[in-house]
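2 protein chains.
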Amino acid sequence: MKFYSFWRSLASFRVRIALNIKQIMPDEIVNVDLMKGEQLRDDYKAINPQMLLPALVDGDGPILFQSIAIMEYLDETHPQPRLLPADPRGRARVRALALINAADSHPLMVPRVRNFMEHELKLDETARETWIRHWITEGLAAMEGHLARDNETGTFAHGENVTMADICVAAQVTGAGFFKVNVEPYPTVMRIATSCMALPAFAKAHPLKQPGAPASLSH
Amino acid sequence: MKFYSFWRSLASFRVRIALNIKQIMPDEIVNVDLMKGEQLRDDYKAINPQMLLPALVDGDGPILFQSIAIMEYLDETHPQPRLLPADPRGRARVRALALINAADSHPLMVPRVRNFMEHELKLDETARETWIRHWITEGLAAMEGHLARDNETGTFAHGENVTMADICVAAQVTGAGFFKVNVEPYPTVMRIATSCMALPAFAKAHPLKQPGAPASLSH
Numbered sequence: 015m016k017f018y019s020f021w022r023s024l025a026s027f028r029v030r031i032a033l034n035i036k037q038i039m040p041d042e043i044v045n046v047d048l049m050k051g052e053q054l055r056d057d058y059k060a061i062n063p064q065m066l067l068p069a070l071v072d073g074d075g076p077i078l079f080q081s082i083a084i085m086e087y088l089d090e091t092h093p094q095p096r097l098l099p100a101d102p103r104g105r106a107r108v109r110a111l112a113l114i115n116a117a118d119s120h121p122l123m124v125p126r127v128r129n130f131m132e133h134e135l136k137l138d139e140t141a142r143e144t145w146i147r148h149w150i151t152e153g154l155a156a157m158e159g160h161l162a163r164d165n166e167t168g169t170f171a172h173g174e175n176v177t178m179a180d181i182c183v184a185a186q187v188t189g190a191g192f193f194k195v196n197v198e199p200y201p202t203v204m205r206i207a208t209s210c211m212a213l214p215a216f217a218k219a220h221p222l223k224q225p226g227a228p229a230s231l232s233h
Numbered sequence: 015m016k017f018y019s020f021w022r023s024l025a026s027f028r029v030r031i032a033l034n035i036k037q038i039m040p041d042e043i044v045n046v047d048l049m050k051g052e053q054l055r056d057d058y059k060a061i062n063p064q065m066l067l068p069a070l071v072d073g074d075g076p077i078l079f080q081s082i083a084i085m086e087y088l089d090e091t092h093p094q095p096r097l098l099p100a101d102p103r104g105r106a107r108v109r110a111l112a113l114i115n116a117a118d119s120h121p122l123m124v125p126r127v128r129n130f131m132e133h134e135l136k137l138d139e140t141a142r143e144t145w146i147r148h149w150i151t152e153g154l155a156a157m158e159g160h161l162a163r164d165n166e167t168g169t170f171a172h173g174e175n176v177t178m179a180d181i182c183v184a185a186q187v188t189g190a191g192f193f194k195v196n197v198e199p200y201p202t203v204m205r206i207a208t209s210c211m212a213l214p215a216f217a218k219a220h221p222l223k224q225p226g227a228p229a230s231l232s233h
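Which chain is which? The protein sequence lines are E and P, in order.
Just so you know, we're using our numbering here: the first sequence kicks off at 15 and counts up by one.
Just so you know, we're using our numbering here: the second sequence kicks off at 15 and counts up by one.
Hints listed in this document are in silico derivations from the structure and should not be mistaken for laboratory results.
We treat Cβ as the ideally placed atom computed from N, Cα and C, and that holds for glycine.
Only true hints are included.
Stretches of chain E that chain P covers, calculated by requiring three or more beta carbons in the stretch to come under 8 angstroms of a beta carbon on chain P:
1) 58-64
2) 74-80
3) 118-124
4) 134-141
Please take these sequences and the hints and turn them into a complete structure.
Shown next as structure tokens:
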């Protein structure tokens with residue numbers, strides 16, 4: 015298994031947590047430096063035509079891409095421990111919670127979006143950070159709304175076991191930390207994220223603990 | 015089954031196609047007018063705290079939200095015809111193709127994003143449309159890159175049967191039509207979208223064929 019990732023990529027972070035939970039060690043980790051635009055190079059485009067991270071090669075099949083699709087694949091091919099509950103309704107809830115981060119929040123602040131805002135829309139750094147903080151906050155608020163309301167919420171986002179929803183909660187909160195978003199209004203989200211980050215599978219996957227990462231982040 | 019949707023919402027369109035494919039008729043369709051901001055009202059917030067469309071109530075369980083999670087739920091609870099292939103690698107490919115639209119393209123142009131750009135970032139209509147067209151184009155290019163390369167591509171995105179990937183290809187191309195994006199560079203995407211829209215399940219789900227829709231769209 016060959017894992018294309020980058021320390022700072024929150025989508026890579028999500029898959030790294032899933033790999034750790036499943037105790038899967040990729041044979042090779044290929045660093046694709048998003049800051050240098052390496053994801054746009056022809057050699058990476060040949061691997062993932064979408065030119066985003068992460069990507070995973072497992073055997074000789076076509077490349078796996080998109081973090082949610084990769085996590086579902088890992089869950090189907092390495093079922094223990096499960097990243098999704100067994101019942102369809104629970105699975106739907108976990109997937110929907112995960113997508114708050116992976117579809118409706120994180121894709122609005124990835125490097126390609128920030129670059130387009132800076133170079134094409136000529137938005138200054140203040141405007142770009144206002145934008146990023148807004149969508150991180152919207153994601154946190156949506157998660158809090160569901161998690162604080164639903165009886166299914168337990169120690170983790172869905173009961174007492176870690177699921178794909180927790181991975182995405184942790185990614186959302188880590189992004190909030192990068193951009194110094196006020197997380198006080200989201201106590202349920204923060205409680206769950208804290209429970210997650212206390213687990214080695216999450217802690218050792220943290221962006222700032224990866225090769226090439228700085229000691230701290232000043233974006 | 016109660017389906018909260020809006021004619022123009024492409025996420026609702028995705029679920030509408032899935033319901034048609036599965037021949038599921040919701041008992042009630044509730045119109046939530048995104049143009050009037052009805053998704054932000056307290057009564058809808060009580061249903062879906064994320065305040066986005068679509069949402070689905072099935073029996074007495076918690077609300078189902080997020081179009082991809084709803085489609086997976088429908089596929090698990092109404093397995094025929096399948097929206098995902100049987101093999102994990104094929105499922106991963108279909109999910110990843112779907113997420114190009116549902117995570118990396120469509121969420122960047124929904125009403126809340128356009129409203130924030132207009133009212134908070136003070137971007138004029140030209141800048142907003144440049145933005146929207148750019149991310150529609152990026153999604154089309156990513157789909158084309160994968161679909162044109164992979165041996166798994168057939169009449170549809172993954173072989174000879176309609177999958178969730180086709181639903182998202184159709185949504186991507188429909189969005190491109192709304193914003194008059196040049197689709198000429200994406201022949202594989204367009205071939206597949208044309209095959210899809212020839213099917214009644216897709217055709218009758220089209221945004222402009224829903225109650226409340228105008229005869230044509232001038233955004």
